[in-house]
Structure formats: structure tokens, C-alpha cells
Amino acid sequence: MEPRPPSEWEDRVRELARQFSYPPAPDLRSRIPRPGVRRPRGRRWAWAAGAFGAFMLALGILLASPARAGLLEFLQIGAVRIRLQPPPTPSKPAATPSPASGAIPETRMLGILDLAGETTLEAAQAQVPFPIRLPTYPPDLGRPDHVYLQGMGGPAVILVWRDPMRPDRIRLALFEIGPGALIEKITPQVLTATTVHGRPALWVEGPYLLQTRSGRWELRRLVEGHVLLWTEGEVTFRLETDLGMEEAVRIAESLSAP
448 MEPRPPSEWE DRVRELARQF SYPPAPDLRS RIPRPGVRRP RGRRWAWAAG
498 AFGAFMLALG ILLASPARAG LLEFLQIGAV RIRLQPPPTP SKPAATPSPA
548 SGAIPETRML GILDLAGETT LEAAQAQVPF PIRLPTYPPD LGRPDHVYLQ
598 GMGGPAVILV WRDPMRPDRI RLALFEIGPG ALIEKITPQV LTATTVHGRP
648 ALWVEGPYLL QTRSGRWELR RLVEGHVLLW TEGEVTFRLE TDLGMEEAVR
698 IAESLSAP
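Position one of the sequence shown corresponds to residue 448 (my numbering), numbered consecutively onward.
Since the hints were derived computationally from the structure, they do not count as laboratory data. Since the model is a prediction, treat every value here as computed from it, not as a measurement. Wrong hints could be hidden among the right ones.
[Claimed, not checked] Distance ranges between label pairs, derived from CB positions:
| hint | residue 1 | residue 2 | range |
| --- | --- | --- | --- |
| 1 | E565 | R646 | 27 to 33 angstroms |
| 2 | T566 | P705 | 19 to 25 angstroms |
| 3 | R613 | P705 | 30 to 36 angstroms |
| 4 | P585 | E671 | 16 to 22 angstroms |
| 5 | R613 | E694 | 17 to 23 angstroms |
| 6 | R646 | M612 | 20 to 26 angstroms |
| 7 | R613 | Q574 | 27 to 33 angstroms |
| 8 | E681 | T642 | 18 to 24 angstroms |
| 9 | D689 | A573 | 17 to 23 angstroms |
| 10 | A570 | R613 | 25 to 31 angstroms |
| 11 | R613 | P578 | 29 to 35 angstroms |
| 12 | R646 | R613 | 30 to 36 angstroms |
C-beta atoms are modelled at their ideal positions from N, C-alpha and C, and glycine is treated no differently.
Kindly generate the complete structure, drawing on both the sequences and the hints.
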């Protein structure tokens, strides 16, 4: 049997893999474990590499072949699940939507006065089990103008910076989402792979669920622009900005140390 030529999908997956920087192969001669010595860090590295590979495979399928992408219901990075197909239309009127449900009406910009859970940075830090991290870029950003704490199956902190030249406009919004949360985005218009500190990240466009002061969950966004998604440890980060992808990655990589 003659070997079959590589398909367009396989070529695309290989091309995507070449775009990512893999860590250099370590010198294993000095790291061969002695009998009875455990290497838990190695197992964690292997698990992370496997998760990275699975994520890249799913993303490769999505970007390379629309036909194969139809087999995928969602792509997940951290606490954010991205639906790749519109949710089915319910046959009966649905109850008030929750953060994990998909049947949400129209998309609108959400004003900061409409957002539920306003608090202070110090009070929010006292209530979440992870360190709240602030961007150090751009240099003039400073502390957030508004801080919100919402429950999305797990704790989520929303940091908002106003545009100093137009106070009614939101310059930047950073969501820090703790373990246990699950948030859905519905069929994004843009989906691009990138990295933050060498880890997989996604550059997407489209709204997601936010809780308003009325208690309703609505499909909204704070900034008319794009969203950068990435994870560090058990925390998922979501950056809303009208800047380009390179600048968004620069902001993400400027977060203060935990």
C-alpha cells in the first residue's frame, strides 16, 4: 500500500505547532532518577505538556478544517469555555440564565454603573483565594478606577480602568477568575492562537456573561474591542481592550508577581 499524502488539515496542524516556542530539550544525563527518588515536578511538566498538546490539537482542528471543526462543540482555556456552534434554541421559555447557560438575548455594551458587585481592591483581595495582580504596563495605568467581585461558579474579580481623556469610556478591563468558575463565550467572530509567557492563549472577539445590578445575567462586554484569554496556575485571565493583540500580550505579561 502506497503511503497517503498528508492532508491539508495535517499540514495546518504542523504549521501551527511550528509557530509555538517549545522549551529546549533538557540534558537528561544528570537527571536520571535514582531508585526510590520521586520526581513530582517531572510529572507535572508532563501533564502540562499533554494539556498543551490537546489544546493545540483542538485549535488546529478548528482553524484548519471547517468540516472537522463542526465536530467540536467547544474549546476551553482555563475557566472559559468557548462554544464553537450556537446553542440549540429551547422549545420552552427558559428561566433566568446563569453563567453556564447559553440562551442569552442581545449583545450590548455594559456601562460600569450597571455592573453588580462593586467593592474595593482590598476588600476583594480578602474574599478571593488567589492574589489579585495588576498590570504594570502601560506605565501610566495605575490602580483600577473600579473593582467588582462576582460569583461565576467560583470567585471572579473585575478590574476596570477609565479613559482619562474620556471618563465615560472604559480603557481596559481585566477579569481574574478563580478555580471552580465556568464561563461561556458564544460563537466568537475572531479566534486566533497566541502565547503569554510562552503559554497558550487565545485572541477572540465577542461578548460573554456579566451580572448586572438588577441581578440578571446578560451577554455584554465592557470594551468595544477584542479579548485576550490565558491562564496562570488555577487562575484564568480575561483582558478586554481596544488595542491590538501584540499590545494586549504586552499588558498580560506585565502583571505584577503573585
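Going down the list of hints, with the structure as the test:
The beta-carbon spacing between E565 and R646, approximately 31 angstroms, falls within the hinted interval of 27 to 33 angstroms. Separated by about 20 angstroms at the C-beta atoms, T566 and P705 satisfy the suggested range of 19 to 25 angstroms. At roughly 32 angstroms, the beta carbons of R613 and P705 sit within the given window of 30 to 36 angstroms. At about 19 angstroms, the beta-carbon gap between P585 and E671 stays in the expected band of 16 to 22 angstroms.
Between R613 and E694 the beta carbons are some 19 angstroms apart, a value that agrees with the proposed interval 17 to 23 angstroms. The supplied range of 20 to 26 angstroms is broken by R646 and M612, whose beta-carbon atoms lie about 34 angstroms from each other. For R613 paired with Q574, a C-beta distance near 31 angstroms keeps the hint of 27 to 33 angstroms intact. One distance hint, 18 to 24 angstroms for the beta-carbon pair E681 and T642, holds here, with the actual separation near 19 angstroms.
In this structure, D689 and A573 break the distance hint of 17 to 23 angstroms, their C-beta atoms being roughly 32 angstroms apart. With their beta carbons about 28 angstroms apart, A570 and R613 fall inside the hinted range of 25 to 31 angstroms. Under the hint 29 to 35 angstroms, the C-beta atoms of R613 and P578, about 31 angstroms apart, fit the expected range. In this structure the supplied range 30 to 36 angstroms holds for R646 paired with R613, their Cβ-Cβ distance being about 34 angstroms.
The structure fails hints 6, 9 (numbered hints given earlier, in ascending order).
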